[in-house]
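A.B. asks: So the sequence lines, in the order shown, correspond to chains D and U. Take the first sequence: its position 115, counting from 1, is numbered 115 in my numbering, and each next residue is one higher. Remember, my numbering sits 380 above the position in the second sequence when you count from 1.
Please note that the accuracy of each hint is not assured.
Not the full set, but computed from the structure, chain U residues with beta-carbon under 8 Å of chain D [stated by the list, open to error]:
#, residue
1, Val-493
2, Val-511
3, Pro-589
4, Arg-590
5, Ile-594
Hints were generated in silico from the structure; no laboratory data involved. Note that CB positions come from ideal geometry on N, CA and C, so glycine has one too.
Each chain, written out:
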Amino acid sequence: MLELKNLTKVYGQAESCHLAVNNIDLDVDKGEFVVLIGPSGCGKTTTLKMVNHLIEPTSGEILINGSSTTELNAVELRRNIGYVIQNIGLFPHFTIVDNVEIVPKLKQMDPKKRRQRTLGLMEMVGLEPDVYADRYPAELSGGQQQRVGVLRALAAEPDLILMDEPFGALDPITRDQLQTEMKQLQQKLNKTIIFVTHDIDEAIEMADTIVLMKDGQIVQAASPREILTNPANSYVREFIGEERLAPEPDITPVADVMVMQPLTVSMDTTPKAVLRQMQKHRADFAVVVDDAKRFVGLISANQIMRNRGKNKTLTKMLQTEDNTVRSHTTIRDATAALANEVQVLCVVDRKRRPVGLVSRTTLLQGLVNIWDESNSNAVI
Amino acid sequence: MVMSFFQLLMERWDEVIFALQDHLVLVAIPIGLASLVAIPLGIIATRNRWVELIVMTVASVLQTIPSLALLALMIPLGLGIGKKPALVALFLYSLLPILRNTFLGIRGVDDSVKEAATGMGMTQFQRLYMVELPIALPVIIGGIRTAAVIVIGTATLAAMIGGGGLGDFIITGLGMVRDDLILLGAIPAALLALAVDFILSGLEKLLTPRGLRIPSKE
Ligand SMILES: Nc1ncnc2c1ncn2[C@@H]1O[C@H](COP(=O)(O)OP(=O)(O)O)[C@@H](O)[C@H]1O
Ligand SMILES: [Mg+2]
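One chain only, chain U, in its complex shape (with noise of 0.2 Å):
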């Protein structure tokens, strides 16, 4: 089996290079959105209690749906089959971790940095910018990184309502029966997590402020 597997591999390596890139955009466009939309509402959050209460509760209904279900909803929403629903989908799925610890981030800055920073004359913008943002930016990062850990996984699902990309050779190698057409699809997209997933926390840790790096004296 695994001599057949790398003889497809060569044979139909053009179509695995292709797959991937299509999963690459499945990934990466609602995670872009989703980081828009979901690190600014986090932020709100942080400043009202009942945007807080609303768009966690919507957040976490949206997370408690199962993926597969989720995909499927898209269709007697309207949306059809393709990647438009697949994109939808997807965007929803990850707007939770993004959201989450955006305000988590901002709200576990230190009460008294909070104090001292509007006690010293910020303006609640200059505060967000020149303190909370920076402190809460390596958490943030992280809920990007769990999301798109999530989407690149659930993104194979999007083959069975025709959102295209790796899980179309897993729906195919099911379909046929054929293990080595199933990993053609699994195997690259379980390295595509652990690439995205090693990227990203280089990116937090490069991202992590250094007075946050030293562990402190206390």
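Okay, chain D solo, but in the shape it has when bound (with noise of 0.2 Å):
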């Protein structure tokens, strides 16, 4: 839908000339939520006012649609793109509805269309039309006037949405709300929504692509998900906090993911009582354990099934291979360790006791959730 290719902004000239965005380029789907992020000063705004050509890029295009919008008309394009600027830009003079209504005003849409839909719109973000309608920006409150912000830049219904830090100057419970409302709005209208905010946290919570710029460039436009588990390099990974970043197989242990406490059973425990206790505490596998409690092997269920009346003592059925991993073990190389014919591996301490079991499914589960922990721990 959006595409920005080559595009390049140098402010000044000469000597005091500033590169303030260098070479960019990004594909936007239609309905994409792609969040521009970045410190400030390294060119979000600029890149986001050349889409309305607010700013005229020094070199490179814009295609909306695959058109190019260097030919078009500047004050037709700007109808046709939402806008919701940095400081919200209320018009201080017009009511409320007519602050709403500015575009579809300037496209002589039908009159009594437009206010429909506008008291439509007020009603879907709690701005009670026969309250507010006729009220003046002055009168209502920051968290208020944003909303109205936002409307205006629905009112015409652009397929394009461009919002500029909207929710910059908000208490964090306002903010949280809103950020909310949006998504669900993107969601529910279908909008390819272009949006800058230099809260990492907020474009967790709403981005489908985290477009995350530096020095007038992009370092790494990605979803949050591969943002979080795979940061281009070192400055992404600083940016976004390592209290955010997922857990690394490459660092996790598996101390972190596996099972505790498992099922243990000594040696000398008969195949039926071990398959008592198993069903006792649902449990698939047991821990085979020496007088002194350390490993001696793992058995499953279905080990003890195979060699039901063959009357074979425990050692005899028991996994002889030495299938331990020790606690500060990573992920990656428990998963190495995890070849085809080997499901589990007991975790065991220094003593060889065991502590621990994990399986493909255990540590994988324990990634996801260690993951949407530190997530959700950081949008809140």
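Each chain sits in its own coordinate frame; assemble them with the hints.
C.D. replies: If you want it as structure tokens, here you go:
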């Protein structure tokens, strides 16, 4: 839907020139929620304003639905792109209704229809039309003004909406609420949104794609999940913050994800008794230990069943390989050790006493859990 | 003296009314013309740095010339004496307050509001008459008010170059050393200034958009 090609903006001339946006390429699909993020001055606003030609690019191209915007009439183009500016910028001498309706009015849409839509939009974001329609911006709280700013961008039903730090100056609670509303609205109306923020939590919460910028360039453009699990470089890691990063298979120990307190049985237990214990504990595996509680081997319910009636002792049925890992073994190494025929590894301490079990499933599930946890912490 | 003043006022009532009307003409025409010139110039100045520089410099220089000197300057400039040079001098004198207030009023519209206007897809002209002018209007009227009050005072000097108005009484009174004659010009001129100031400040409030009269919540 939107393509930026080699987009560059240089402010000033000659020696005093400043490369604000440096050769950016970006593809945005219809219905995609793209968040531009980066430290102050990295060129987010400049990039955004080039899309609706509030700023003319120095070079490069912007394509909307395949056609270049440079030949289009800028005024006409802007009427078809929703825009929420950084400092709200409501018209102070217009009522709320007139503010919301400005673009439909400029486009000379039917007055009755546009009024109906305006009132509907106001209701949708909890601005009771009976109360607020004829008020002025100065009579509204900051959060209400932000909502009006968003409605103004939506009123003419544009397919593409640009939002520049729209929730910047709000208290955290209002901000959270508006973020949720905005995301729901976007999904409901299937709008394409380019959203600028410098708040990584906001980006993770809202984005389909996060575009992380630095000094006018894109450092990484990927889904929040991808960025959290696979930050492109140390700059990205640092920007996201270690506390939000997903656990890395390379550094996370199995101790973080293993099933603890595995079922242990002594070597002289009868297979039948082991099976009963497995049933009782709903376990598929048991760790067989010697008198000193040290690891001897693993036995699965399946193995016992297969040997039924053969009158074998437990030790004869055991998987004899040394399927153990230490608790500090990384998830990556543990995964490698789980070769095809090995389903489960026993995590043992220094004295080879079992402390946990891991399977492929627990490793994966553990990773996901930790990721979710750090992610939800980040959002709160 | 108070008695003789009122006696004089009664005696010369018709003359006073006539001089007052004459004075109003000396004020209204320059202010009207200056508004027609200075408001557009002030708007253009906000759009173009060169125009801003030239226009503001010229207007400021004009304002620094003492009023009496400016009136007297009309004579060597070939305008002679009488109404015409007085009107021209007063016109020049009222340019700056209107120009400056128009410029500052429009320049003072919040940047984010201007950006929003353009960003929503208003043309330059739409932005001007839908957003900038309504918001700047009270400031512009304020400029006209300042100009009017200044010109009402300065116009009393117009009599020096034969411009007529209430200044005639004052000059005659000065020449004859008659306080009551001086007061006959000075008091109506002062009252006129007060009245015009009152009326224009009322207009200023009336033309302030409702949304701008509400004290902001922030
Ligand atoms: N009108 C301008 N003239 C000169 N430099 C500018 C202008 N606007 C922005 N810049 C510079 O360009 C860089 C990028 O600015 P901007 O896009 O506003 O960054 P961001 O929105 O990411 O904070 C900054 O270094 C800023 O100082
Ligand atoms: Mg910015």
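A.B. asks: Please go over all the hints and tell whether each is borne out by the structure.
C.D. replies: Taking the hints in turn, this is what the structure says about them:
With its C-beta approaching chain D no nearer than about 5 Å, Val-493(U) sits inside the 8 Å limit, and its interface hint holds. Hint status for Val-511(U): holds, given a least beta-carbon distance of 6 Å to chain D, under 8 Å. Nearest Cβ of chain D to the Cβ of Pro-589(U): about 3 Å, under the 8 Å cut. The hint holds. This hint holds: Arg-590(U) has a C-beta 7 Å from the nearest C-beta of chain D, less than the 8 Å allowed.
Hint status for Ile-594(U) relative to chain D: holds, with the closest Cβ pair at about 4 Å, below 8 Å.
The earlier numbered hints are all upheld by this structure, with none contradicted.
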